[in-house]
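Trainee: Sequence lines, in order, name chains A and B. Numbering-wise, my numbering puts 394 at position 394 of the first sequence, and it's gapless, one number per residue. Numbering-wise, my numbering puts 123 at position 123 of the second sequence, and it's gapless, one number per residue.
Rather than coming from a laboratory, the hints here were simulated on the basis of the structure. Glycine included, every Cβ here is placed at the ideal spot set by N, Cα and C. Where hints are given, some of them may not hold.
[As the list claims (entries may be wrong)] Selected chain A positions facing chain B (in silico; Cβ < 10 Å):
id, residue
1, Pro156
2, Glu161
3, Asp169
4, Gln176
5, Thr198
6, Tyr333
7, Asn335
[To be verified] Quick list of simulated restraints, FRET-style, between CB atoms:
id, chain 1, residue 1, chain 2, residue 2, range
8, B, Asp77, A, Glu311, 49 to 59 Å
9, A, Leu57, B, Ala110, 27 to 37 Å
10, B, Glu279, A, Asp77, 46 to 56 Å
[To be verified] Here are a few chain B residues that face chain A, going by a calculated C-beta distance under 8 Å:
id, residue
11, Asn125
12, Lys131
13, Pro172
14, Thr198
15, Tyr320
16, Thr327
There are 2 protein chains.
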Amino acid sequence: MKVFIAGIDGYLGWALAQYLTARGHEVAGMDRFLRRQWVEEVGSYSAIPVYSMEERLLAFRQRYGTPLNFREGDLLDYEFIRGFLADFQPDAIVHLGEVPSAPYSMIDQAHAAFTQQNNVVGSLNVLWAMKEVCPDAHLVKLGTMGEYGTPNIDIPEGFFEIEYRGRKDVLPFPRQANSFYHLTKVHDSNNTVFACKTWGLAATDIMQGVVFGTQIDEMGDDPRLLSRLDFDQCFGTAINRFACQAVIGHPLTLYGAGGQTRGFLPMRDSMQCLTLAIENPPAPGEYRVFNQFEECYTIEALAYKVREAAEAVGLETEIYHYDNPRTESDHHYYNPDRQHLIDLGYQPTHDVVAEVRIMLQDLLPHKERIYAKYDILVPDIRWNGGRHRSHRIDEAVPSA
Amino acid sequence: MKVFIAGIDGYLGWALAQYLTARGHEVAGMDRFLRRQWVEEVGSYSAIPVYSMEERLLAFRQRYGTPLNFREGDLLDYEFIRGFLADFQPDAIVHLGEVPSAPYSMIDQAHAAFTQQNNVVGSLNVLWAMKEVCPDAHLVKLGTMGEYGTPNIDIPEGFFEIEYRGRKDVLPFPRQANSFYHLTKVHDSNNTVFACKTWGLAATDIMQGVVFGTQIDEMGDDPRLLSRLDFDQCFGTAINRFACQAVIGHPLTLYGAGGQTRGFLPMRDSMQCLTLAIENPPAPGEYRVFNQFEECYTIEALAYKVREAAEAVGLETEIYHYDNPRTESDHHYYNPDRQHLIDLGYQPTHDVVAEVRIMLQDLLPHKERIYAKYDILVPDIRWNGGRHRSHRIDEAVPSA
Numbered sequence: 001m002k003v004f005i006a007g008i009d010g011y012l013g014w015a016l017a018q019y020l021t022a023r024g025h026e027v028a029g030m031d032r033f034l035r036r037q038w039v040e041e042v043g044s045y046s047a048i049p050v051y052s053m054e055e056r057l058l059a060f061r062q063r064y065g066t067p068l069n070f071r072e073g074d075l076l077d078y079e080f081i082r083g084f085l086a087d088f089q090p091d092a093i094v095h096l097g098e099v100p101s102a103p104y105s106m107i108d109q110a111h112a113a114f115t116q117q118n119n120v121v122g123s124l125n126v127l128w129a130m131k132e133v134c135p136d137a138h139l140v141k142l143g144t145m146g147e148y149g150t151p152n153i154d155i156p157e158g159f160f161e162i163e164y165r166g167r168k169d170v171l172p173f174p175r176q177a178n179s180f181y182h183l184t185k186v187h188d189s190n191n192t193v194f195a196c197k198t199w200g201l202a203a204t205d206i207m208q209g210v211v212f213g214t215q216i217d218e219m220g221d222d223p224r225l226l227s228r229l230d231f232d233q234c235f236g237t238a239i240n241r242f243a244c245q246a247v248i249g250h251p252l253t254l255y256g257a258g259g260q261t262r263g264f265l266p267m268r269d270s271m272q273c274l275t276l277a278i279e280n281p282p283a284p285g286e287y288r289v290f291n292q293f294e295e296c297y298t299i300e301a302l303a304y305k306v307r308e309a310a311e312a313v314g315l316e317t318e319i320y321h322y323d324n325p326r327t328e329s330d331h332h333y334y335n336p337d338r339q340h341l342i343d344l345g346y347q348p349t350h351d352v353v354a355e356v357r358i359m360l361q362d363l364l365p366h367k368e369r370i371y372a373k374y375d376i377l378v379p380d381i382r383w384n385g386g387r388h389r390s391h392r393i394d395e396a397v398p399s400a
Numbered sequence: 001m002k003v004f005i006a007g008i009d010g011y012l013g014w015a016l017a018q019y020l021t022a023r024g025h026e027v028a029g030m031d032r033f034l035r036r037q038w039v040e041e042v043g044s045y046s047a048i049p050v051y052s053m054e055e056r057l058l059a060f061r062q063r064y065g066t067p068l069n070f071r072e073g074d075l076l077d078y079e080f081i082r083g084f085l086a087d088f089q090p091d092a093i094v095h096l097g098e099v100p101s102a103p104y105s106m107i108d109q110a111h112a113a114f115t116q117q118n119n120v121v122g123s124l125n126v127l128w129a130m131k132e133v134c135p136d137a138h139l140v141k142l143g144t145m146g147e148y149g150t151p152n153i154d155i156p157e158g159f160f161e162i163e164y165r166g167r168k169d170v171l172p173f174p175r176q177a178n179s180f181y182h183l184t185k186v187h188d189s190n191n192t193v194f195a196c197k198t199w200g201l202a203a204t205d206i207m208q209g210v211v212f213g214t215q216i217d218e219m220g221d222d223p224r225l226l227s228r229l230d231f232d233q234c235f236g237t238a239i240n241r242f243a244c245q246a247v248i249g250h251p252l253t254l255y256g257a258g259g260q261t262r263g264f265l266p267m268r269d270s271m272q273c274l275t276l277a278i279e280n281p282p283a284p285g286e287y288r289v290f291n292q293f294e295e296c297y298t299i300e301a302l303a304y305k306v307r308e309a310a311e312a313v314g315l316e317t318e319i320y321h322y323d324n325p326r327t328e329s330d331h332h333y334y335n336p337d338r339q340h341l342i343d344l345g346y347q348p349t350h351d352v353v354a355e356v357r358i359m360l361q362d363l364l365p366h367k368e369r370i371y372a373k374y375d376i377l378v379p380d381i382r383w384n385g386g387r388h389r390s391h392r393i394d395e396a397v398p399s400a
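Can you make the complete structure from the sequences, with help from the hints?
Mentor: This is how it looks when you write it as structure tokens:
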């Protein structure tokens with residue numbers, strides 16, 4: 001199949017380009033390299049060195065024996081995305097080209113406005129371009145499990161049947177996002193539902209959990225083929241951040257009680273799931289939602305798993321609680337479905353500790369790089385719009 | 001109370017400024033006059049001549065004995081809105097400063113992107129400015145009943161208690177908007193819920209029905225104090241459009257079967273309701289939703305009411321069905337609540353025919369102006385992104 005990837009230079013995009021090519025798909029993609037700028041803006045860099053796109057493309061060609069069809073450009077430039085899609089005529093479009101950070105969107109008005117405009121208008125442009133030049137393509141849109149928030153009832157996959165005052169309907173499940181970034185994903189989902197209904201586009205909206213991991217097997221030993229791995233407060237997600245902290249002996253930073261429960265999955269599961277969606281497209285006009293994660297864990301439970309993996313490679317790790325810079329509940333009910341991907345054949349990787357051991361081995365050679373950023377590992381971007389670094393709190397931490 | 005109106009030059013904004021001032025409130029407001037440009041862009045103008053803001057301000061001062069605190073500017077200019085709110089320190093902010101047209105948002109990619117960016121980022125800027133310079137003010141945000149779409153169950157006011165798989169929660173009622181414009185109102189609602197929860201702002205989110213009418217009593221006989229009244233396919237809402245068509249003997253343009261049911265209210269009821277919201281603010285941190293309409297009618301039933309009023313003033317009127325340029329269902333269940341405003345004392349004006357008679361009398365002196373636009377009264381902006389003028393369809397039209 002011909003697969004177009006928006007955001008192909010990113011954490012998932014670069015891995016997916018390789019995973020799909022190795023499976024025989026023809027891949028094209030775009031990026032404007034904004035992620036590289038944003039991480040630099042917040043004072044950090046990828047723990048694993050990221051090569052220039054020229055070097056990446058050369059390595060890609062050497063390893064996979066085929067060039068990667070890449071163009072630099074911005075989804076906000078409608079003529080660019082429309083022209084590229086018209087030329088490539090993809091079967092599937094995987095849209096990973098958005099600002100992916102909640103804290104980044106909460107820094108101030110300018111960052112909130114940028115995040116909302118960039119994500120909402122960029123995705124809207126993808127929908128319009130599909131309608132105009134490739135209406136039969138299948139959009140695989142990256143949303144987030146964070147769209148749902150933490151309701152006190154089970155979370156179905158996108159829609160549910162409700163009985164209310166004696167009548168029934170199947171309706172979108174209510175969204176309760178908890179940052180201006182997460183809200184962009186809700187806005188995108190709503191726009192996409194409408195585009196499918198009105199224009200007959202086909203879309204899979206992926207409510208993805210938090211991804212962790214440094215590699216997929218396809219990358220091999222060529223450092224130019226590795227994905228980036230961020231660990232700063234904005235672009236480093238929970239387990240990735242913990243793994244980097246463990247490598248340099250920084251305490252693992254739990255926010256609040258650490259009882260926040262979320263869905264997680266290793267990068268290799270994300271690749272497997274996205275590919276299942278691509279290879280099993282919905283019908284024309286169909287909008288479907290996949291909840292995509294391996295399993296739900298509390299943040300605290302994951303910290304213990306990281307500590308266990310760290311001990312296995314000889315690293316001593318402490319776990320600290322910090323006052324939570326976010327406004328969120330740290331103990332709550334959480335029970336989302338994830339049946340659609342299982343039905344398509346998803347085989348979850350259940351061994352988080354084994355995956356984290358691989359991560360630690362990949363990260364240990366970059367210990368000095370990470371250590372140089374020791375001072376920024378405790379968050380200071382607060383949901384109230386202020387900036388001050390969290391302090392350790394006296395939350396009793398039971399032994400594992 | 002000190003009330004700030006964003007979009008004070010618009011159809012509702014100009015009326016509200018007068019209604020509130022006449023009741024003794026202190027009003028300030030902003031506008032960038034974009035509505036005037038948009039209506040011109042789609043080839044039309046207001047049926048009732050609109051005076052320049054300089055002339056409006058002079059008439060305002062003459063009639064109400066106090067100057068109107070007005071500044072020209074754009075909600076996308078964050079320093080402008082932040083500065084004005086910081087200076088004025090309002091008790092309430094009524095946000096009417098958005099693109100208000102579904103067809104305008106469906107013209108093409110550029111209009112869809114403009115509408116979403118303008119409305120979403122503009123509203124986001126209002127929220128940030130409130131947080132930064134007047135966190136105790138009460139936001140009265142104009143949404144639309146169109147956010148809910150037409151579910152097959154009753155529509156509560158914003159939230160409902162659900163029982164699902166044996167557990168209960170109170171959740172936002174699902175939104176199913178049917179144009180890129182209506183979707184902006186959903187996005188705004190979601191952003192506002194989050195801002196209230198996270199920053200403790202207070203907001204009333206008004207899910208307003210379709211407003212009609214040419215005047216409120218406060219305007220008196222001074223033509224400079226009248227509101228605009230649009231009748232083109234983009235900015236003319238159903239009854240306003242029908243009234244202008246009746247005045248020039250153009251058939252009333254029903255889209256499809258005309259069985260679409262919506263909530264409607266006269267402009268004088270809109271003023272009454274907005275003022276009830278302003279004068280009865282929610283608690284700090286509270287986000288509440290008011291469904292705001294006088295009654296629900298099918299579009300066809302309203303066409304008959306317009307015909308009845310037209311006959312009473314000696315105008316013969318035909319009602320035609322046209323192929324529907326929108327993708328929407330023209331027969332559906334529709335039963336929204338509207339109890340919150342009734343509880344606050346809202347007295348609905350039930351006589352639509354009497355209100356339309358007033359409209360016709362106000363519009364008849366401008367018959368020539370309206371007649372000059374005879375050729376654009378049948379819509380040509382289609383939900384599939386194309387442009388072609390609807391044709392009359394052979395839908396049996398029962399006599400009234």
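Trainee: Look at each hint and say if it fits the structure.
Mentor: Structure-based check of all given hints:
1. Pro156: 8 Å, holds
2. Glu161: 9 Å, holds
3. Asp169: 4 Å, holds
4. Gln176: 7 Å, holds
5. Thr198: At about 5 Å, which falls below the 10 Å cut-off, the nearest Cβ of chain B leaves the hint on Thr198(A) intact, so it holds.
6. Tyr333: Given a least distance of 7 Å, the restraint on Tyr333(A) holds.
7. Asn335: 9 Å, holds
8. Asp77(B) / Glu311(A): 49 to 59 Å: 55 Å, holds
9. Leu57(A) / Ala110(B): 27 to 37 Å: Hint holds: Cβ distance 33 Å, inside 27 to 37 Å.
10. Glu279(B) / Asp77(A): 46 to 56 Å: The hinted range 46 to 56 Å holds for Glu279(B) and Asp77(A), with Cβ atoms some 47 Å apart.
11. Asn125: Holds: closest Cβ of chain A sits about 7 Å from Asn125(B), inside 8 Å.
12. Lys131: Constraint on Lys131(B) satisfied, holds at 6 Å.
13. Pro172: 4 Å, holds
14. Thr198: Holds, because the Cβ-Cβ distance from Thr198(B) to chain A comes to roughly 5 Å (cut-off 8 Å).
15. Tyr320: Violated. Min distance 25 Å.
16. Thr327: Interface hint status for Thr327(B): holds (5 Å vs cutoff 8 Å).
The structure is inconsistent with hint 15 alone, although it conforms to all the rest.
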